[in-house]
Amino acid sequence: MYKTILIANRGAVAARVMRTAKRMGREVGVVHSPADADLPYVGQAAFRAEAPGNRASESYLDQDFIIAAAKRFGADAIHPGYGFLSENPGFAQKCAEAGVAFIGPSPDVIRAMGEKTEARRKMAAAGLPMVPSSGALPDSDEAVLKAGDELGYPVLVKPANGGGGIGMQPALSSRELLAAVARARSVASRAFADAEVYLERLVERPRHIEFQIAVDRFGKARHFFERDCSVQRRHQKVIEEAGAPAVPRAELDAMGERAAAAVAALGYSTIGTVEMLYHPDIGFSFLEMNTRLQVEHGVTEEVTGTDLVEIQIRLAEGEAMDAVAPRPKLTGHSVQARIYAEDPKTFLPSPGAIADFDMPEGEGIRVDTGFAAGTTITPFYDPMIAKVIATGTDRPEAIAKLSAALRQTRISGPKTNIPLLLHILQDADFVSGRVHTGLISGLSPIS
Amino acid sequence: MSKTKDIRSSLTGTVWKIDASVGDSVSEDDPVVTLESMKMEIPVGAPLDGVITEILVTENDLVEEGQVIARMSV
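Sequences listed follow chains A and B, in order. Mapping of the first sequence onto our numbering: position 334 corresponds to residue 334, and the numbering continues sequentially without gaps. Mapping of the second sequence onto our numbering: position 14 corresponds to residue 14, and the numbering continues sequentially without gaps.
Extracted from the complex, chain B is given alone in its bound form (with noise of 0.2 Å):
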């Protein structure tokens, strides 16, 4: 059975682009957010293999470090 599994960005800033779409699979590290903090592009890759059931943010948001950003089941 599969489990449910938070996304958390990895620090704050903000959206750059999102990379994957819910119903997709994806590989552990595979890209899911791009975000942009002090002129740095960050990807938030997937913690492990899934399929991507959430995405909680749009291009532009300010994100925290360790918010939730997407959801993916394992």
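Bound conformation, chain A alone (with noise of 0.2 Å):
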């Protein structure tokens, strides 16, 4: 057992992992920036280090830094958070040569699984479904079309040993495809000396639908149901939701069985996510796994009852699946939104000093923060200001309690997107439960 944990982040996670700790009665520690060194859960640590500078490769990078802290209170174990350093394999390392452990998954697992090809090539492996794609196209006009019509359309050209999207090139139908992988050859033989491409079903207007997975040491898997975060802008998540609407309660079961299965089959202990698209007519495919706690892991908690920080621990602990979490139940909606500080319209960052902080409370309403009133949002780090989190007995009630939730909430100081928030959960796509990830963009602008 962990007597004593200590955080390595900041914000609303630093605050929901401490609440968890305490409530287990461990001693929690943080470190914290300069900047942050008002923040409320600072405060209510038992031990805190402060980092010699607010940049985030001063402070909550700082490997050495904070592995020194970790040794200096005598942690058993150090809690990574989200973003930061939690999924760095080479921290994971660092703290198990220093004899504190990391509570995530070994540093191999972490590898693995942070480079993507690597993961899709190990997740294919282990039975889960990826986007449909030809081998590598042969040189003959005949074939690419034949290959093109055995996928079908619409389909994306991709550089077999490119990235970052450099050299994809979209085909909507055969009469676009042969110029398209013209196209994709030549900027794949400059930009990676190597003309091979292939093609891969392109996915129009997917959803992003994630699945909650924990595993335990002894490798019995268990799945916590499923979240659609589609609501998203540039891949940043703004609307998150458990359970997935408009998809068939049996074929969304199916899917976190076979992701459960997959990572057990990675040789994975500790909780994770199965993040994938979902197309109505392609069904899911792989998209990453996420070795770490979610930022929208509460509207999982909130339609099953557990506590995946409690889980979390217990299982890096070594206890076991059933001791931990017996099989979970899946008991009404809930709607998450995340408050960013930047202005609704222009999305530019809006730092400032928080003067009103009143935030919305009732029945099914969770706000997880690390701020407060007189405190400030400073320009260097993340924009999340808050999650407010809704839960009704179905999807309507739920937004309609999220809705509400907003309005009642007073943010001064810096501009918030709680208007554009409000405008997407008014969208009648969004209502309907015809969400996609290009939902944001295809918004009317506010008023």
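Warning: the hint list may mix true and false statements.
As the list claims (entries may be wrong) - Straight-line distance between alpha carbons at most 25 Å, and here's what the computed DSS-like set of lysine-lysine pairs gives:
1) 39/B <-> 116/A
2) 415/A <-> 39/B
3) 220/A <-> 122/A
4) 237/A <-> 39/B
5) 3/A <-> 22/A
6) 17/B <-> 5/B
7) 329/A <-> 220/A
8) 237/A <-> 116/A
9) 39/B <-> 345/A
10) 3/A <-> 71/A
11) 71/A <-> 116/A
12) 94/A <-> 3/A
Hints were generated in silico from the structure; no laboratory data involved.
Please assemble the complex out of the two chains, which come individually in their own frames, going by the hints.
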């Protein structure tokens, strides 16, 4: 058992982990930057270590500083939260070398899942579906067209040995395919010195559905249902919910079981999330795996009655799944909105001192935040101010509660995206469950 | 006759990099300074065509919204 836990993170997740660790009777310490010294959870820590600087590299990413703090305070374990060092295999390794437990998977698993092609290869081998794709395309036009017809349109032509989206060319039909292949080959040979390309089915208006998984060190795996995180802006999630609307429950549960089995096959033993793309015509395909607590874990907790941080800590300590978490049931529906310090029209960051900070309260309303009135949203870190989670007996009730809660919320100082959040929650496609990753960019402007 | 024009920070952040030097001729919207705020890089462009006459910040400086960070003659 970890008697003393050091939280190597900040803001909402530091406050969240502290809440559970204290309830479990553990002594909890934090590291913090000078700019974060006044945040409420820092004052509530049993011990605290102030970093030399405010930049992430001088504070929450400074591995030696964090490990030195853990040793100074005699911490048994480090909880990395999410972001920062939570998926850094080198840090997990350094913790092990320093004799401090890293609450997360082994460095090897973090490394394998962090390398995207390797992760896809491993997960395909473990039985998860991938976006349908062709093999490397042959030279003859006739064979290329045949590969396109076999896969089905629209397709994306992708360099076989590329990355970063460079050289990818869409082809909506066979008429566009040969020109797209020629363009992709030309870019690929210049950028990667390799003209080999292949076709991947282009998933239009995809949904992002992810499965919450936990595995114990004896290999027993469970899934805790799914979250739909389709409502995103520039790959930043904005609204998340559990469960996913408008997908048959049996299909979701079957994929949850497959995802849990695939993660167990990796030799994984902690909590984690399998992110997938979903399209009604194509089904699920593996996107990536996150080997840590997710920002949106709260909606899962609300519909399953679990505490994922407690499960994470106890699994790390070596307890068995059945003792830690019996098979969960899904009850009701939960929707989370992320309040960001940003201008709702221009999306520019809006740091500043918080004067008023009146957060909503009520039955089925939960707020996760690291801030309070009188604290400051600084420009040094990400713009998230708070997560507001509303839970109801069904999706319409949860959405109505969340809208009412956001209308009650008063934050003055930084501008916030609350007008955008309310706009999304009223959008006809969102309300009817027709969510997809392009939903925000397709909204009418906020008046 | 040329006039001096202030170039102001569009938001609170830190100076990530200085893109222009004193004496540079710049066109409207050419980046002068790139700020970093909340994990985003935000370029501050020249408001008009002209020549940079002063750069008032250095890398890693914290700047406030509206603060004059450079001047140019237009």
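Residue 237/A and residue 116/A: Cα distance at most 25 Å? Holds, at roughly 20 Å.
So if I understand the rule, the pair passes when the alpha-carbon distance is 25 Å or less; does residue 3/A with residue 22/A pass? With a Cα-Cα distance of about 10 Å, the restraint between residue 3/A and residue 22/A holds, given a limit of 25 Å.
Sort out whether residue 345/A lies within 25 Å of residue 39/B, counting only the CA atoms. Given pair residue 39/B, residue 345/A holds - Cα atoms ~18 Å apart, limit 25 Å.
Given the hinted pair residue 237/A and residue 39/B, is their Cα-Cα distance within 25 Å? Distance of about 15 Å is within 25 Å: holds.
Is it true that the CA of residue 3/A sits at most 25 Å from the CA of residue 71/A? With a Cα-Cα distance of about 14 Å, the restraint between residue 3/A and residue 71/A holds, given a limit of 25 Å.
Restraint check for residue 220/A with residue 122/A, where alpha carbons must lie at most 25 Å apart: holds (19 Å)
Between residue 17/B and residue 5/B, does the CA-CA distance stay at or below 25 Å? Given pair residue 17/B, residue 5/B holds - Cα atoms ~21 Å apart, limit 25 Å.
Verify the proposed pairing of residue 39/B with residue 116/A, using a straight-line Cα cut of 25 Å. holds (22 Å)
Pairwise hint evaluation, residue 220/A against residue 329/A, where the allowed Cα distance is 25 Å at most: Roughly 18 Å between the alpha carbons, so the hint for residue 329/A and residue 220/A holds.
Can the restraint linking residue 415/A and residue 39/B be considered satisfied, given a maximum Cα separation of 25 Å? Given that 25 Å is the threshold and the Cα spacing comes to 17 Å, the pair holds.
Is the straight-line distance between the alpha-carbon of residue 71/A and that of residue 116/A 25 Å or less? violated (33 Å)
Below or equal to 25 Å on CA atoms is what counts here, so check residue 94/A against residue 3/A. holds (20 Å)
Violated hints amount to a single one, hint 11; each of the other numbered hints is respected by the structure.
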